[in-house]
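Required output: the full structure, derived from the provided sequences and hints.
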Amino acid sequence: MKFPSLKFAVPLAAGLALSFTMADTAQAQKIKRGGILNFVVGSKIPSYDGHIEGTFGMIHPIRPFYSTLIRVNPDNPQSPTDFICDLCEGGVPKGDDGFTKYVFKIRKNVKFHDGTPLTADDITATYKKIIFPPEGIASARKAFFKMVDSVESTGKYEVTFKLKFPSGSFIPSVAMPFNFVYSKKDLDEKGYTWHKTNINGTGAFRFVQHQPGSFVEGKRYENYHIKGKPYLDGFKAISAPKMALRLQAIRGDRAAIEFRGFPPKARDDLVKALGDKITVQESDWNCALYVTPNQRRKPFDDARVRKALSLALDRWGGSKYLSKIAIVKTVGGVVFPNHPLAATREELLKLTGYGTDVAANRKEAKRLLKEAGAENLKMVFNNRGVDQPYKVVGTWLIDQWKQIGVEAEQQVNPSPVFYAKLRKKSDFDVSIDFNCQSVVNPIADVTKFLGSAGNNYGGYKDEVLEKIYDRLLRAGTEKEQRVIMREFETRAISDQVHMIPTLWWYKINPHRSYVKGWKIAPSHYLNQALDQVWLDK
Amino acid sequence: MVTTSEIAVEAQIEELADKPPLMSRIRDFGRRQPLGSVGLIIVLVMIFASVFATVLTPYDPEANAFEFMLTPPNFDYLMGTDQFGRDILTRIIYGARTALFVGFTAAFIGATVGLVLGVASAFFGGKFDLIFQRVMDVFMAFPLIILALAVVSIFGTGVQNVIIAITIPFIPRCARVVRSSALAIREIPYIDAARANGFSNSRIIMRHMVPNVMAPFLIMITAFVGQAILLEASLSYLGLGVQEPIPAWGLMLQGGAEEYVESAPWVAIWPGIAISLAVFGFNLFGDAVRDTLDPKLRSQ
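Taken in sequence, the protein lines are chains A and B. Just so it is clear: in the first sequence, position 279 is 279 by the numbering used here, and no numbers are missing. Just so it is clear: in the second sequence, position 146 is 683 by the numbering used here, and no numbers are missing.
Hints are not guaranteed to be accurate.
Said to hold, decoys possible - From the structure, some residues in chain A lie toward chain B, with a derived Cβ separation under 8 Å:
| # | residue |
| --- | --- |
| 1 | Met243 |
| 2 | Ala244 |
| 3 | Ala266 |
| 4 | Tyr321 |
| 5 | Lys324 |
| 6 | Gly385 |
| 7 | Gly394 |
| 8 | Ile398 |
| 9 | Glu407 |
| 10 | Gln410 |
| 11 | Gln411 |
| 12 | Val412 |
Honestly, the hints are just simulated from the structure, not real lab data. Backbone N, C-alpha and C define an ideal beta-carbon position, used for all residues, glycine too.
Here it is, written out as structure tokens:
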């Protein structure tokens, strides 16, 4: 036996079939109330403040305490365009005055957990903190709202956003799960940093306690604004940094679910051990792994060398095999693969390094290296000390580059050192890099490829690409956006190869079958309000 | 008349005549030190495997072959393959190279530097010895792995840095042992005679003291090699040592132990056995060397 395909295929098929069956059955089943949902979280909580944090370690345990103005539809989280009101009512506004004015009607029955009633002023104060933070106050997603000119309360229960120019990325930005709505009273009286260490939201659950390094506990909020919800009595988010521990917690029923995702082997082991007691949900993931060459250094300032490094990769073959051992799968361009703006397979095949004739690609790669005087190139490959998917993909990359005569020495660093090399020191030849976002919002997400972006580490200036992006930002229709997006994609990863795409992540969530009402989203940040989750036991 | 040189030659001939032949001495060693012989055999097998790795296996230890990923042991892949389709036996054989290279280099450098510093500390004595020994105390207060972790966190990962990380904790350990032997040698009259002849300190240390503390030095080296192999494996297992795709036993455990121990146990079992055997072999051999070189134990 050379390849144990059945070992993977059977549990996968069983899991998928089970997931669809269970999903259908759940709709038909009568929702049961009560119970405590135990789930495991693999990352620490840096602070409770959603406006400054960007980790699932914070979102998973803290999001249930807060509400947002709008959110991704929890019953249809796979859709990148299906948003529903959370604290607003009457539907998500479509935009007036040529899509430069959005008026949100605010619910009237909402109270914060401390009893303070919610008004439009709370929403306005929250978004002013996010979009126009005072000097010295951090806001991680300020850049997503570049199009916003003002946000004002235009009534006790009405908030108006005015935009500088129409932008398709405005509503998805508002729907980001990090935009926790805070009380204006808290912000005014306790300051803009109070929420780092304190919680007072309008979410489905009230904060009970946080034992650092151990667990976060929440209990049902009786005055939750969506009547009849939440179904659970409470939840416990258990800290478990090691994957083996999280896996065993689910296996031993100490926890019912882990919301980030497991590698395929872990899924197979759980399905094999627990059969129909495990349900598997899978989805494309709005996260992609890239390789960023440092263009401050020779020979990586030469597009031919960068092209060669991209041409060496057998992406289609990598997808086939790496998807069995790592949380990556889909071959894609710069846009989330399932989005209407994403490149089709035919369009991808035209890009550098996406052709299916791997031998021809590598022959061309060797020619380019020779032409650039970079034959027998030796380089240090900076990688992040996290197994899934960084180190697994890193090992694959080194093997791929070896096929064109490039010798890469892998330097694996813990996250703080890894980030320091990328951000502060720019001390690397080529580095693994990633783009993980919450709401699928391609026009905002692709800013990563701009040399001017804060999260771009390539050290290049490309005015042509900046101008294309400016046109993209102002494009009115999806058709127009799509055409410009192809132009942007071709420039960024094919002509200039500023970044080398590897594969998009693939999310696998095996969980106890008694967990109902939670649907997998294309991001581990999304659909974590837990108000629709119930336990069938 | 018989000259002095003729007497010396005759003495050498008698000495040679008294020495048993090599095979006889090996048999004697085997009889006296059966466990040490087992250790020696393991060590020799490791050395043989690492030297002739390219001949012993047809596979590339670093090349991915996904079509054969996680193949159980069979006639093509005697120990199976890992998640990248790489032959585990090949990686074990090449891993011996990494283990021995790191082990011998760290042990030799660490013990040699420790030897020189230990002898110098004993020779100079006084305040130098007092201060130097307190510094050694500070280093020895940390367990080997903790000190190695601290060093690797400063210098970073990779083979060279792992060697440095392992070498540094060895220096005080060897220096302390060697110093105690050197203290006794310092009091022997020939050292005074050397001083009286005006020899430099470095000449006295290197030519007259160091050769006389070789027995504890050799014992320390053999003990250090086993420890260094274990340390390298530990650091690599923790993700702080040798990095992919270099074949290293600890790294093989790190890559496979957690995820595949249940569904593909061979991924974790073989490197684990290799590490255990290597450390076992070097420890047994080291003990035997100690017993052979120690006059008290030898007489017993």
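Going down the list of hints, with the structure as the test:
1. Met243: 6 Å, holds
2. Ala244: With Cβ-Cβ at 5 Å, under 8 Å, it holds.
3. Ala266: Holds. Min distance 7 Å.
4. Tyr321: Hint on A/Tyr321: holds, closest Cβ of chain B at ~4 Å, below 8 Å.
5. Lys324: Constraint on A/Lys324 satisfied, holds at 7 Å.
6. Gly385: 5 Å, holds
7. Gly394: Holds - the Cβ of A/Gly394 comes within 8 Å of chain B, reaching about 7 Å at its closest.
8. Ile398: 6 Å, holds
9. Glu407: With Cβ-Cβ at 11 Å, over 8 Å, it is violated.
10. Gln410: It holds, given that the least Cβ distance between A/Gln410 and chain B is near 5 Å, below 8 Å.
11. Gln411: Status holds, d = 6 Å.
12. Val412: 5 Å, holds
The structure does not agree with numbered hint 9 stated previously, though it agrees with all others.
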